[in-house]
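Asks: Given next are the chains, with one letter for each unit.
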Amino acid sequence: MHLTRDEERLLQGERGDTLRRAMEILVALGDIYGAERLVEIKSAQIAGVSYKTIGDAGLEWISDLDGRVAVPSILNPAGMDLLRWREMSIDEDFARKQLEIIDAYRKLGIMIECTCTPYLLYESIASRGDHIAWSESSAVSYANSVIGAMTNREGGPSALAAALVGKTPLYGYHLEENRVPTHVISVETDVREYGALGFLVGRIVGDGVPLFVMRSRPDRDDLKALGAAMAASGSVALYYVKDVTQEPPQYEPSACEHIVVDEEEIMSVYDSHADVDIVALGCPHCSLHELERIADLLEGRRVSKELWICTSRRIAESAPETVRRIESTGARVICDTCMVVSPASERFSHMMVNSGKALAYIPGMCGIKASFGSLEECIDAATGGS
Amino acid sequence: MEIKCHRVSGGCAGGPALVTRERISFLGNVNPETGMVVDPSHELYGRSIAGAVLIFPGGKGSTVGSYVIYQLRKRGLAPAAMINLRSEPIVAVGAIISDIPLVDRVPEWILDVKDGTWVVVDAGRELVVLPDGSVHV
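Protein chains in written order, with our numbering: chain A, 1 to 386; chain B, 1001 to 1137.
Because the hints were derived from the structure by calculation, they are not lab data. If you're wondering where the values come from, they're calculated on a predicted model, not measured in any experiment. Note that CB positions come from ideal geometry on N, CA and C, so glycine has one too. A few of these clues could be false.
What the hints assert, rightly or not - Here are some chain A residues pointing at chain B (derived, C-beta under 7 Å): (1) Leu-29; (2) Ile-54; (3) Glu-60; (4) Gly-109; (5) Gly-155; (6) Pro-157; (7) Gly-172; (8) His-174; (9) Pro-249.
Unchecked claim - Going by beta-carbon spacing under 10 Å, a handful of chain A positions derived as facing chain B: (10) Glu-24; (11) Asp-31; (12) Asp-56; (13) Trp-61; (14) Gly-67; (15) Arg-68; (16) Gly-156; (17) Ala-161; (18) Ser-254; (19) Glu-257; (20) Tyr-270; (21) Ser-272.
Take these sequences, add in the hints, and give me the full structure.
Replies: Printed below as a string of structure tokens:
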């Protein structure tokens, strides 16, 4: 890989050990994937925040770094609500370690906002055509597909290295020629829950680039759910929806695999949920519009089961009245974390979700059963249909 | 005997070879508190990777594996050096953050090196140094 003289100096350690290591990570990845050079990035989003996922080793590594990020950088969800963790029955040891991790990131100049939907907080964090280094799989998918920015699926350490240097190796989805569709997915039914469609299609296309042709018209919340599910059940980083998202670059339709998805297949993702003991919404984190929809659906009801609604702190704080309406039913609006990366999920036995991403991860990461339902079915299950 | 290789993570270290033809997922295959391979289905099951020159095709699995390597290093249980046919991001990043020499792009017969052979990995000079007669033929 070609390096500029300044980049060579960083690699030789002339500006300290932290930047040397960060450069080593970027150069190693560039070599592995055949990048010609590094490219400047507009922003970074860093996964590896929950103590549950990175443990003491991750905490030690981050704590040993010494420096400041070079571009606006934001975090992925932590393992608990940073303020209301006691209400989530998080134990003191976990909370102490989690707060140490947050503090270590703060010292590096990273914005302490723990969310999988950074694009809902700051419009300026990524625009069409920007190179960025994001590492939350659903945020990567949204940035590439809906915003039209360019990012690979970064690991936690590589996103952090990119944030410190302000650059990332130019390969993969940073190059136009890798952004062409590999699959054409014809959806022959009106889609109600895009998370179910995404869960199904992610398993089919793996790490491909699907182009959807469908008669229903997903909005931004739907696209968020669709991309998140495909990134979890497969490893999709980029997709297109004809006439809804940006157009793909020129491609050869005959080189694509053609797949037809019907109503029955989508319905196969839905599951019985008679014995659920918790219902969780907000994976990825709820938008303001989704919080309002949930508040409306809960109007006049009381929850009979645990109901968590996960969102970013900034969104919750921007809508105190909506949060109050939701919480007056006994449901909780939980910030900074989600049902997948928090150990709090582990004390239940069966979780109901409207997220294809949570459906893919909950059984393995939390060791409990997960079932899928529509938003309305989830609210009904939590309120006992009252 | 010296063979050319490609540097992924810098440094120079030697140790007894521990060789496998199977890929390794540090998350799940290796216990970070003991340095032992704990996955019963892995060829190296029951062996310790601490202090060895670990020779394997490459890594697999979750990116958290990078942090497992770091944890091994902090506990003094990491391999002294690692050699891959082709490194991938998880092992590469794990080696870099842990200051473990790691090289790749070596000939495939490296997987025929006898276990326990003293191997030196000089990542700075992009060389692997082996004694003569160290390879199964």
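Asks: If a hint holds in the structure, say so; if it does not, say that too.
Replies: Okay, the hints, checked on the actual structure:
no. : hint    : result
1   : Leu-29  : 6 Å, holds
2   : Ile-54  : 5 Å, holds
3   : Glu-60  : 6 Å, holds
4   : Gly-109 : 19 Å, violated
5   : Gly-155 : 4 Å, holds
6   : Pro-157 : 5 Å, holds
7   : Gly-172 : 11 Å, violated
8   : His-174 : 15 Å, violated
9   : Pro-249 : 26 Å, violated
10  : Glu-24  : 5 Å, holds
11  : Asp-31  : 7 Å, holds
12  : Asp-56  : 7 Å, holds
13  : Trp-61  : 5 Å, holds
14  : Gly-67  : 14 Å, violated
15  : Arg-68  : 19 Å, violated
16  : Gly-156 : 6 Å, holds
17  : Ala-161 : 8 Å, holds
18  : Ser-254 : 32 Å, violated
19  : Glu-257 : 25 Å, violated
20  : Tyr-270 : 28 Å, violated
21  : Ser-272 : 30 Å, violated
Checked against the numbered hints given earlier, the structure breaks hints 4, 7, 8, 9, 14, 15, 18, 19, 20, 21 and satisfies all the rest.
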